[in-house]
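Protein chains: 2
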Amino acid sequence: MTIQKPIYNRLALIGTGLIGGSIARAARASGAVKSIVATARSPETRRRVAELGFADQVVETNIAAVEGADLVIVSIPVGACGPVAAEIGPYLAQGATVSDVGSVKKSVLDDMAPHLPPHVHFVPAHPVAGTENSGPDAGFAELFVNRWCILTPPEDADAKAVERLADFWTALGANVETMTASHHDLVLAITSHLPHLIAYTIVGTANELGEVTESEVLKFSAGGFRDFTRIAASDPTMWRDIFLTNKNAVLEMLGEFQEDLSQLTRAIRRGDGEALFDHFTRTRAIRRGILQIGQDSAAPDFGRAHGPLPTAPIPAPYSSDAD
Amino acid sequence: MTIQKPIYNRLALIGTGLIGGSIARAARASGAVKSIVATARSPETRRRVAELGFADQVVETNIAAVEGADLVIVSIPVGACGPVAAEIGPYLAQGATVSDVGSVKKSVLDDMAPHLPPHVHFVPAHPVAGTENSGPDAGFAELFVNRWCILTPPEDADAKAVERLADFWTALGANVETMTASHHDLVLAITSHLPHLIAYTIVGTANELGEVTESEVLKFSAGGFRDFTRIAASDPTMWRDIFLTNKNAVLEMLGEFQEDLSQLTRAIRRGDGEALFDHFTRTRAIRRGILQIGQDSAAPDFGRAHGPLPTAPIPAPYSSDAD
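Note that the protein sequences, when read in sequence, are chains G and B. Read in order, the letters of the first sequence correspond to residues 20 to 342 in this note's numbering. Read in order, the letters of the second sequence correspond to residues 20 to 342 in this note's numbering.
Worth flagging that the hints you see were computed from the coordinates, not collected in a lab. Quantities reported herein were computed from a predicted structural model and do not represent experimental measurements. Honestly, I wouldn't trust all of these hints.
The list cannot tell twin chains apart, which means a pair is met if one copy fits it or any two copies do.
In silico EDC-like links for lysine to aspartate or glutamate, alpha-carbon gap of 20 Å or less [unchecked claim]:
#, residue 1, residue 2
1, LYS53, GLU182
2, LYS53, GLU161
3, LYS266, ASP297
4, LYS125, GLU230
Take these sequences, add in the hints, and give me the full structure.
What follows is the structure, encoded as structure tokens:
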């Protein structure tokens with residue numbers, strides 16, 4: 020069901036993983052584009068995309084994909100964006116908008132911009148949404164609903180082109196915000212990159228302990244650890260590129276984190292219960308803020324399902340005591 | 020509906036928060052006990068427990084609660100367990116089992132044991148289950164289903180008393196494992212205490228940055244940060260006591276974590292993509308292990324709900340381009 024006039028005629032998707040595949044599904048479901056042409060690097064992925072049918076057409080090359088497209092979205096690990104821009108640059112249509120979905124924006128801007136001709140609009144974007152799953156099967160149309168999409172247009176960007184891309188993301192259910200690429204990279208360093216780094220670290224630490232077995236770590240993970248494992252299961256290539264390309268902001272946030280961790284460590288070592296209690300009380304308020312603005316599930320435990328109580332009677336050898 | 024013969028006649032619950040309140044609901048629903056008497060420190064909580072009706076009787080003092088009880092479970096912050104043991108010790112019934120639900124076991128054993136008379140069985144326990152919510156309203160009967168409950172009986176504990184308490188927890192849906200108090204404290208330091216400390220730290224760090232506003236942190240939290248905020252919203256008193264009483268194991272695990280974090284930090288600083296990729300690939304496998312043994316939801320994003328796409332047509336000023 021088309022619910023609105025198309026915002027673009029022809030969307031070319033380079034990359035069809037969790038994000039690219041979700042864009043295709045959402046763009047079609049919302050009627051935000053008239054047609055979708057998709058491509059992916061590997062023949063297996065292209066075959067799978069054709070089977071899933073979320074694009075009108077699956078082509079073999081990036082160059083074939085961008086032909087006649089008025090919106091091109093590159094949805095691949097940020098380290099690969101520069102070479103792809105160099106490849107497609109000469110084949111982009113007059114007035115087309117070129118965008119991406121990378122989690123780092125300054126390096127994408129620097130890598131892609133030099134390869135794009137003056138007759139296209141380059142408007143980098145980052146939808147802050149995702150799950151721990153990867154690949155064309157992982158996507159779904161509702162992924163961006165009520166999530167934020169950050170646009171980081173260059174200073175000289177065409178205002179109308181930016182607005183048009185904002186409308187596209189709005190049609191996909193997202194809220195749109197605009198900021199500079201550098202500020203984006205700092206904001207995401209704390210809200211996304213550092214949490215991932217910490218999660219990757221602690222999950223690795225738990226796996227390599229001599230005194231606690233892996234089986235124990237898995238069994239007793241409900242004590243808190245399992246919340247970290249979800250994001251530490253994210254795509255390794257994507258995350259390698261993020262840390263390589265947003266190095267400075269990540270190291271800066273890591274420095275702040277280390278200072279705060281030292282403070283709490285000192286409080287533990289000294290037995291300073293008051294300092295611990297005060298800190299733990301403050302952090303509760305932040306969780307409340309996230310729930311209030313609808314950026315997480317308010318259901319306890321993220322709304323995880325809890326199974327029913329056992330129904331089969333278990334042996335009760337204590338009846339003599341209990342009766 | 021009673022599904023089995025009662026394992027104990029009369030359960031006395033001292034403390035009626037998330038864990039105590041869930042024990043009461045589960046013990047009643049499963050028929051694991053004949054009757055439940057509960058008490059709590061504050062008159063407001065006792066009133067609320069009486070309203071909620073998950074205990075057969077609500078009494079004003081710990082001493083009144085334990086009278087005639089063959090199972091006493093102390094469900095309060097671990098720092099308060101010693102004084103309560105001293106208070107109830109002289110009033111415990113012959114042959115009663117005394118247990119707790121504390122997240123630290125060595126200090127609870129040391130604090131409570133000296134106050135308990137030789138005619139009772141002391142079997143400390145730790146159900147590794149919970150949510151970020153606190154108080155008598157937060158509990159529910161299914162909280163322990165398919166979670167692990169760790170028993171840490173002293174070396175000279177009566178085997179039958181231990182088995183009986185294990186059956187009680189099994190009736191509440193839990194899997195039961197037995198280990199020493201010291202080993203428990205080490206296992207939980209990595210699976211629960213360190214993750215909480217890290218989460219409390221990073222949530223605090225994010226809140227105090229000069230360059231990124233609190234509003235930005237909240238809005239873009241879907242990038243990973245929000246997963247940390249859930250456990251950083253846990254009860255501050257409980258967690259203060261955990262870090263004060265399990266200091267050595269927490270500091271040991273923190274040391275391991277710091278070494279690993281230094282290694283990843285160095286890889287980022289040096290641009291060593293291979294080291295990052297290898298690490299991130301290993302941590303994926305751990306997530307799979309947790310899903311395989313049913314200790315977390317396999318649904319993407321913890322099964323968080325995603326709202327529908329917008330249905331109201333948005334203005335499409337680009338029809339001339341798109342048609």
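Now for the hints, and whether the structure bears them out:
| no. | hint | result |
| --- | --- | --- |
| 1 | LYS53 to GLU182 | within (19 Å within a copy, 67 Å between copies) |
| 2 | LYS53 to GLU161 | within (19 Å within a copy, 48 Å between copies) |
| 3 | LYS266 to ASP297 | between (32 Å within a copy, 18 Å between copies) |
| 4 | LYS125 to GLU230 | between (43 Å within a copy, 17 Å between copies) |
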